[in-house]
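Asker: Residue numbers (our numbering), protein chains in the order written: chain B, 1 to 162; chain R, 1 to 532.
Source of the hints: derived by calculation from the structure; they are not laboratory data. Please note: incorrect hints may appear among the correct ones.
[What the hints assert, rightly or not] Below, computed lysine to any residue pairings styled on SDA-like, alpha-carbon distance capped at 25 Å: (1) B/LYS70 with R/LEU377; (2) R/LYS132 with R/SER263; (3) B/LYS70 with B/VAL19; (4) B/LYS70 with B/THR7; (5) B/LYS70 with R/PRO447; (6) R/LYS132 with R/HIS65.
[Claimed, not checked] If the Cβ cut is set under 7 Å, some of the chain B residues that face chain R in the computed set are: (7) LEU4; (8) LEU8; (9) ARG10; (10) VAL15; (11) LEU16; (12) PHE20; (13) VAL21; (14) LEU22; (15) ALA24; (16) TYR122; (17) THR140.
Positions of the beta carbon are idealized from the N, C-alpha and C atoms, including for glycine.
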Amino acid sequence: MSELTFTLLRLGYLVLLWVFVLSAVAVLRRDLSLRSARSRKRSDDGGAAAPAPAAAAASPPPPRSSGPSKLVVTAGPLGGTTLPLSTSSILIGRAPSCTLVLDDDYSSSRHARIFPQGDQWYVEDLGSTNGTFIGDQQVTSPIPLAPGVGVQIGRSVVELQR
Amino acid sequence: MTSQSSAVEPRQRRPLRLAEIFLLILALAGGVGGFAMVGLSIRGELPDQFWFRSGLLGATALVAHIVLRLRAPWADQVILPVVVLLSGIGMSMIWRLEISGSVGMAPANVAGSMQASLVGVVIAFALLWILKDHRWLRRYTYTAMVVGLVAIVLPLIPGLGREINGARIWVFIGNYSLQPAEFAKIALAVFFAGYLVTNRDTLALAGPKILGLQLPRLRDLGPIILVWIVSLAVLVLQQDLGTSLLFFGLFVAMLYQATSRSSWIVLGMTLFGAGAITAARAFPHFQARIDVWLHPFEPQYYDREFGSSYQIVQGLFSMANGGMFGTGWGEGRPFQIPFAFSDYIYAALGEELGLTGLTVIVLSYLLLVQRGLKAALSVRDGFGKLLAGGLAFAMALQVFVVIGGITRIIPLTGLTLPFMAQGGSSLLANWIVVALMLRISDSARRPSDLPVRGQVAAGAPAPEPEPILVGSPGSDGGTPVDGTPAAGTNLPRRRIADRAPDDTGGSSAPTEHIGTEGPPEHRPEHRGGERS
Numbered sequence: 001m002s003e004l005t006f007t008l009l010r011l012g013y014l015v016l017l018w019v020f021v022l023s024a025v026a027v028l029r030r031d032l033s034l035r036s037a038r039s040r041k042r043s044d045d046g047g048a049a050a051p052a053p054a055a056a057a058a059s060p061p062p063p064r065s066s067g068p069s070k071l072v073v074t075a076g077p078l079g080g081t082t083l084p085l086s087t088s089s090i091l092i093g094r095a096p097s098c099t100l101v102l103d104d105d106y107s108s109s110r111h112a113r114i115f116p117q118g119d120q121w122y123v124e125d126l127g128s129t130n131g132t133f134i135g136d137q138q139v140t141s142p143i144p145l146a147p148g149v150g151v152q153i154g155r156s157v158v159e160l161q162r
Numbered sequence: 001m002t003s004q005s006s007a008v009e010p011r012q013r014r015p016l017r018l019a020e021i022f023l024l025i026l027a028l029a030g031g032v033g034g035f036a037m038v039g040l041s042i043r044g045e046l047p048d049q050f051w052f053r054s055g056l057l058g059a060t061a062l063v064a065h066i067v068l069r070l071r072a073p074w075a076d077q078v079i080l081p082v083v084v085l086l087s088g089i090g091m092s093m094i095w096r097l098e099i100s101g102s103v104g105m106a107p108a109n110v111a112g113s114m115q116a117s118l119v120g121v122v123i124a125f126a127l128l129w130i131l132k133d134h135r136w137l138r139r140y141t142y143t144a145m146v147v148g149l150v151a152i153v154l155p156l157i158p159g160l161g162r163e164i165n166g167a168r169i170w171v172f173i174g175n176y177s178l179q180p181a182e183f184a185k186i187a188l189a190v191f192f193a194g195y196l197v198t199n200r201d202t203l204a205l206a207g208p209k210i211l212g213l214q215l216p217r218l219r220d221l222g223p224i225i226l227v228w229i230v231s232l233a234v235l236v237l238q239q240d241l242g243t244s245l246l247f248f249g250l251f252v253a254m255l256y257q258a259t260s261r262s263s264w265i266v267l268g269m270t271l272f273g274a275g276a277i278t279a280a281r282a283f284p285h286f287q288a289r290i291d292v293w294l295h296p297f298e299p300q301y302y303d304r305e306f307g308s309s310y311q312i313v314q315g316l317f318s319m320a321n322g323g324m325f326g327t328g329w330g331e332g333r334p335f336q337i338p339f340a341f342s343d344y345i346y347a348a349l350g351e352e353l354g355l356t357g358l359t360v361i362v363l364s365y366l367l368l369v370q371r372g373l374k375a376a377l378s379v380r381d382g383f384g385k386l387l388a389g390g391l392a393f394a395m396a397l398q399v400f401v402v403i404g405g406i407t408r409i410i411p412l413t414g415l416t417l418p419f420m421a422q423g424g425s426s427l428l429a430n431w432i433v434v435a436l437m438l439r440i441s442d443s444a445r446r447p448s449d450l451p452v453r454g455q456v457a458a459g460a461p462a463p464e465p466e467p468i469l470v471g472s473p474g475s476d477g478g479t480p481v482d483g484t485p486a487a488g489t490n491l492p493r494r495r496i497a498d499r500a501p502d503d504t505g506g507s508s509a510p511t512e513h514i515g516t517e518g519p520p521e522h523r524p525e526h527r528g529g530e531r532s
């Protein structure tokens, strides 16, 4: 085998190895972008899965087009986490079965629920030990929750955002 | 917070794993290309058994892929190809050293290496087939501890263990030799994961705070002291710094993972440092290692009969000769390094593939470790998190110790490079690690089983769920993991569970992650079912 062929093969082999590594990285990246695309799709589907499945396939459900679109954890161990809102309620607590599982020693396993009714979102305390607060006011019965208002759950604060 | 969306739609089809096929083809091309180039450059023709061995490699990869499709369809798609590539490159190098005909390379045996890999793959994928849920392992927490400790001690038993090259880490059964420490690594990872999931709250939260460090209580220190003593015993009695570092590092890393208290790292490093320095003072064997590490080119160390720096220096020359792009398969002289086929395969590859190739190898390990850690982040139960994180960390630490030793970052120790170096135990054990990683990543990426639970809740009266007192440390050990969605436990807990005292600050799950709970649209059904 000539020197040249061998050099080409040798470099070609290294190129092959790099192609492998870069493809693997590309797969990981695609994984990420797929995920986010999927979750966006899901927040849309969330509306469609409710009473009228065929009604709103592409656009978010009408009542929420003007209302809040996400739940944001603004303080606490999970600060920065966002959750897309759909038509269903969001269960918040430490239990793994909650929609938003707080990693917070001061919250109960099923601490509070945030749910939509009509055009309005409500927050309800589920008998938590340390209570749910809006400002200084303890939530004792379901009360309406406006976007931008922080709800204190344990050490965490969550709020609805548009 | 991608884990939020990792729950994906429950109606999603099983993934086709096309990315894995694509990467596998590239990885196989790497391995087979290595085989071919070794033969072409040394003999001028394709080596004997080229087709047989390439076919075997391909067939193994294909079978593994099919098993994954059937049994763990959501498992990570990058892990298998990376491991196949590393194995392929490793075998090519062992083959290359075997046919170099050099006297020192007589023990190089690619057939044996392939055999061991094959057995490893069979065991690993059989395990993957049988083990439907990694949480099943949690039941064997203390069994794993016993197995791990026995495996560590085995080489010390006279008649069974044997000392080779100054380290007593081998067990001989008939004609077969084993390095039980490699398997102990897995057993101990299982034990630590099970133990820490149960006890992390006491370890994390009780105890005095000194200098900003949350120190654990003295009585909670028991297990870490025990592991420290065991790893020191390994160090002293078996004279194996690498394995001892691996065990101790694994434990400290998993403690940190479980409690997120940096005090454990400080404490662990201090303890290990103290132990290692004492050992270095007390045992000439270690002192020699350190001298050789610091001054490999000094004639007094290079020329001495025992513990000379010859191997280190040859490894460095080898890598220097490789330079940026390497000499090419079969063109260098890596057979001049002692043990180039096992402990020093990294330097041998450095000579023939150059820095460019070595970077690929290190990146491949990085990908593997990253996938393991990613699985740990996104899996939904604490045990799985700790196990995946621990195994990934052990892999990373092992690679660091080996490559660090060869490149003179740390003193040279006797660990093997996973998947590449010749050595049956290491190959076998690391394939099992891969199987566990794949299993955990499958359950991490699997769409949650919510629809199933939804049906249960909506249909017939829900089966009596055990009131799980989330929040009380006593019960924390027993059940909380089983309450995660994938377990299929009934979701609606009794309200009594919610009202259980929360003992604020008592129980926490520092590494539990935010809900990857599935589609919210199912939740109303649950609640409906619960109330009815």
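Asker: All hints, please: hold or fail.
Answerer: Tested hints:
1. B/LYS70 with R/LEU377: holds, 23 Å
2. R/LYS132 with R/SER263: violated, 36 Å
3. B/LYS70 with B/VAL19: Violated: B/LYS70 and B/VAL19 sit about 40 Å apart, past 25 Å.
4. B/LYS70 with B/THR7: Given that 25 Å is the threshold and the Cα spacing comes to 57 Å, the pair is violated.
5. B/LYS70 with R/PRO447: holds, 22 Å
6. R/LYS132 with R/HIS65: holds, 17 Å
7. LEU4: Constraint on B/LEU4 not satisfied, violated at 12 Å.
8. LEU8: Because about 10 Å separates B/LEU8 from the closest Cβ in chain R, which is outside the 7 Å limit, the hint is violated.
9. ARG10: holds, 4 Å
10. VAL15: With a minimum Cβ separation of about 9 Å from chain R (threshold 7 Å), the hint on B/VAL15 is violated.
11. LEU16: Check passed: Cβ of B/LEU16 comes within 6 Å of chain R, closer than 7 Å.
12. PHE20: At about 4 Å, which falls below the 7 Å cut-off, the nearest Cβ of chain R leaves the hint on B/PHE20 intact, so it holds.
13. VAL21: holds, 5 Å
14. LEU22: Cβ of B/LEU22 sits 9 Å from chain R, so the hint is violated.
15. ALA24: holds, 5 Å
16. TYR122: violated, 14 Å
17. THR140: B/THR140 check fails; min Cβ-Cβ to chain R is 16 Å, beyond 7 Å.
When each numbered hint is compared with the structure, violations occur for hints 2, 3, 4, 7, 8, 10, 14, 16, 17.
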